[in-house]
Amino acid sequence: MRKPLPAPDPLLRLQASITARDDRLLGWLYDHGVLTTDQIATALFPSLDFAQRRLHRLTVLRAADRLRPNRAYGGSYPYYYVLDQLGYDHVHAQRGLAVRGGAEHPAGSHHRAPAAALGAAGHG
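Counting from 113, one number per residue, gives the positions in the sequence shown under the working numbering.
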């Protein structure tokens, strides 16, 4: 019997799966902290539907994460996207910065950055 192949490194799997557009998006998320679906779709994709499908794929790959805050009087805001740990590691590798082997983002958890950005935008 053959030995099973080792599980692929998640970062290598991500890097083999993303496009130049994904790479640009991950860089923007790194630089800006948080972007909405509409901002991403308008800047990088031919349609909202295509953007949503690709963003879903990036969340499955753990390159990006998303949250959808509720409105105070019902309903919710659009999805907000932030880097997930693998996206952060990918950007560091692309930019020649040290990848800290699973360490958290410099400011702590990547889920804290959107809360500050949302509060500043009046979506608290």
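Derived from the structure by calculation, the hints contain no laboratory data. Note that the Cβ used here is the ideal one computed from N, Cα and C, for glycine as well. Just to be clear, a hint being listed does not mean it is correct.
Stated by the list, open to error - Label-pair restraints from in silico Cβ distances: (1) P158 <-> G186: 18 to 26 Å; (2) D135 <-> Y185: 33 to 41 Å; (3) R180 <-> A210: 29 to 37 Å; (4) D143 <-> P181: 16 to 24 Å; (5) P190 <-> D121: 27 to 35 Å.
Here's how the hints hold up against the structure:
no., hint, result
1, P158 <-> G186: 18 to 26 Å, "32 Å, violated"
2, D135 <-> Y185: 33 to 41 Å, "39 Å, holds"
3, R180 <-> A210: 29 to 37 Å, "33 Å, holds"
4, D143 <-> P181: 16 to 24 Å, "22 Å, holds"
5, P190 <-> D121: 27 to 35 Å, "33 Å, holds"
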